[in-house]
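Trainee: One letter stands for each residue in the lines below.
Protein chains: 2
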Amino acid sequence: MSYLSRKKGQSYLFEQVYDLLVQRIERREWKAHEKLPSIRQLALELQVHRLTVFKAFQQLKQQNKVYVKDKAGYYVQAGIAQEEYSDEPLVNAYPKQNLLSALQSAAVDYHLTQALIDPSLLPNQYFSDYVKKVFDLYPKVLSTYAPVEGDSELRDSLARYFTRTCRTYVSPEQLLITTGAQQAIHLIALSFLKPRDVVMLERPSYSAAIDTFRAQGAHIVTTDITESGYDMDALELTMKACRPRLFYMNPTFHNPTGAVVPADQRKRLVELAEQYRCLIIEDDTYPDIYFENKPVPPVYTFDTAESVVYIRSFSKYVSPGLRIAAVICPPVLMNVLVTAKSLADNGSPLLNQKIFLHYFESDRLQQHFDKLRIALQIRKEVMEEELSRTDWKWVSPGGGLNLWVQLPAEQDVNRLLASALERSVSFVPGSYFDSENRTSTHIRLSYSYLNETRLREGIRRLVEAGRIYN
Amino acid sequence: MSYLSRKKGQSYLFEQVYDLLVQRIERREWKAHEKLPSIRQLALELQVHRLTVFKAFQQLKQQNKVYVKDKAGYYVQAGIAQEEYSDEPLVNAYPKQNLLSALQSAAVDYHLTQALIDPSLLPNQYFSDYVKKVFDLYPKVLSTYAPVEGDSELRDSLARYFTRTCRTYVSPEQLLITTGAQQAIHLIALSFLKPRDVVMLERPSYSAAIDTFRAQGAHIVTTDITESGYDMDALELTMKACRPRLFYMNPTFHNPTGAVVPADQRKRLVELAEQYRCLIIEDDTYPDIYFENKPVPPVYTFDTAESVVYIRSFSKYVSPGLRIAAVICPPVLMNVLVTAKSLADNGSPLLNQKIFLHYFESDRLQQHFDKLRIALQIRKEVMEEELSRTDWKWVSPGGGLNLWVQLPAEQDVNRLLASALERSVSFVPGSYFDSENRTSTHIRLSYSYLNETRLREGIRRLVEAGRIYN
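Protein sequence lines, in the order shown, are assigned to chains A and B.
All the letters of the first sequence, read from the start, carry residue numbers 3 to 472 under this note's numbering.
All the letters of the second sequence, read from the start, carry residue numbers 3 to 472 under this note's numbering.
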């Protein structure tokens, strides 16, 4: 369930109200054969015109979601609408396969699916020389476990870094080290959700996050994200009506759209989170991969009410093989998160944390980022130059690893994918980022993995694939 | 709920039957105000004398768990017995703290809590020299992710190893690499359990496993393990009555008791697992840490019906900091387990897998084990020598890292712990290994972490602590 793009006047509200009512039925807030609140009550609660509620009721009736009894009111229809929410325990909610990883492991020459840094842009040689030093410093690094929360030197170092860069004091006790950002999302889902809790996601959203929350039995609602950020009124209405337990968001160089949520929305968001007791999960993956201007500060720096859990990928741009991410968590929630980590793997490997620590503390990191930003900007421009010969549309992102490209309406994305794969090119269809797998005319093209020559060739083949099958 | 030690004749059966009936009520197989089956029916089903069932019903009545209505039969009492199984979704089942890890991080000089190998017995220097070679072999090891299932070279190598050592063909496709055995247990709980499923554990059992299954919302039943293994009749009765979805076991140098389940029981167990459709989770932690004789082959080698998932710790005895374990999983279950791994952390770090692989393939591993076995046997004997001056009792284990010591009845374990901690000694109370935290006169003493001198001193202080407070 979600709010489509904002339309003019009444019809925007009508659509929202209708969606909200459907959600309440599907989530069994209103059970089968239960009487719905009166039109008057709902109009008051949602602060909309009674006629809007009336129209929504009419549509619910047409859709066989409610029935009218004795002129006394509207009642919830049993059956289809509620079937998916049976009282049965969740029968293995775990998805049987991960579409995106299947696509990413496809044997093609031109992977535009990989939102990963090209290994040749990473400081591999430096690390090879470097690791030996780590063993000299910590001869027993392989014979001991790290604390569950993470190595204390690394947590100290990260706390100083966050305090310095984010204008907010962060103590080492608020930090948890995880085996990559994916583990952070997973531990958060395990720690803070119970089955059938509502989780709000952006639409589109990171597909592995969708899968993770769904596997935990969450009911997913969405709020749109576009180049101008969120529609804050729609977002508030969803929070108010659906009371999400948490909102998983990726507000800086958003994956896949590249959008950056503006500062005023960030400020308002933490207020809403406090008001509606919704925990914000801010996944900050690309803050250092900007092209012209540094992005606005993270949402958690605006937080004054311990409403934000912040996830920061670290090793991704330096040494993805190390798998190091950090979570900044309000102290009151830390205990349960650390217990989840101890049951999940009893702490990330110490060696990896020590290797990362010493690189992180060196000057090399900033030098690497300066170089990486330029290299990625060039690749982005190469991709855009090739695409400029088509009628495909995109908003040029200010950072990140992806273009979010809108195809002309007559293109069928699945047929384009089949045709591209025949030409040894892969990309990610937009539907992969939709929690309901709705078809989309968007595709995600990553410019970070292939060098300029291969990128050019990949895009040429892709464009050709689109032309030929049309 | 569990079966205490076997008593003579009727009373053994009575106790079991009573326990089973209580379990069915607690698990809501029989709901509040539901009529129980007749005495005749139950006697037939459980193949016991009707008088035994009658006596159990009488006791249920005395305990206010059932009531009698209109002489028509026995009905389940609402209230206390069922309170813990409300229909409410599980409200954050995650435990707020992990008792064992709190104890293990206590600041004492003589840690008898640590079932870990003393770092000075590990090949640290060798690894320091070695890691450089790994970077020469794989210059981009830090810039790539491993496949979710694990590095393919490592899986190939392990498959060959298992096929060679365990008399059963294992293919690489059946193998999943995890970040330590704890992650394997956690992924299994996530993949194969739904809330309120029944999980069977040994009593006593590994405390982190108890916590993991409980956090997943499982209902736990137990079967006793002693030096002679299981009571197979009691075990079968529990399987029959409680229909556990899985049985998590540690049959070789069992933690904490040191018991080894004999081969005939292993054979029978896989038959029972098939018959009652119970998945066996075999946690094989210490197979290489034997003192005189190699232990019997793992349970999974007796399996003919894909009823066993096998977890093997690897890095624990070599380089615990690497965090490498492997799972052998029936092919039909592999898909869901790999998806769980992909959502949990998207694959274990590649560097760690490559470092382990090259050590694992070298001759060093066997040489290391030969040395380690002798060192640990000596430490075990030192501990036993010191304890022989007390009236404490234990069965000398044939392998593993722990003594499971029974204190005289007049010792209060909690007071002993307090008194020991004052003397800078720690140990693990037996109640930590009981899924219901029942008090126990047993304690676990690990002899693997301290050298002989410190071990002697630690035990002396412990014995003194017991003497003084008594």
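None of these hints come from the bench; they were simulated from the model.
One or more of the hints may lead you astray.
Note that identical chains are pooled: a pair holds if it fits in a single copy or bridges any two copies.
What the hints assert, rightly or not - Here are the simulated lysine-lysine pairs, DSS-like style, with alpha carbons at most 30 Å apart: (1) LYS373 to LYS142; (2) LYS63 to LYS134; (3) LYS269 to LYS134; (4) LYS135 to LYS373; (5) LYS63 to LYS37; (6) LYS373 to LYS134.
Please read all numbers here as calculations on a predicted model, not as lab measurements.
Trainee: Next, verify each hint and record whether it holds.
Mentor: Against the structure, the hints come out as follows:
1. LYS373 to LYS142: Classified as between: cross-chain Cα gap 19 Å, same-chain 34 Å, threshold 30 Å.
2. LYS63 to LYS134: neither (71 Å within a copy, 70 Å between copies)
3. LYS269 to LYS134: neither (45 Å within a copy, 48 Å between copies)
4. LYS135 to LYS373: Both, since 25 Å and 28 Å are each at most 30 Å.
5. LYS63 to LYS37: Within one copy, since 13 Å is at most 30 Å while 42 Å is not.
6. LYS373 to LYS134: both (25 Å within a copy, 26 Å between copies)
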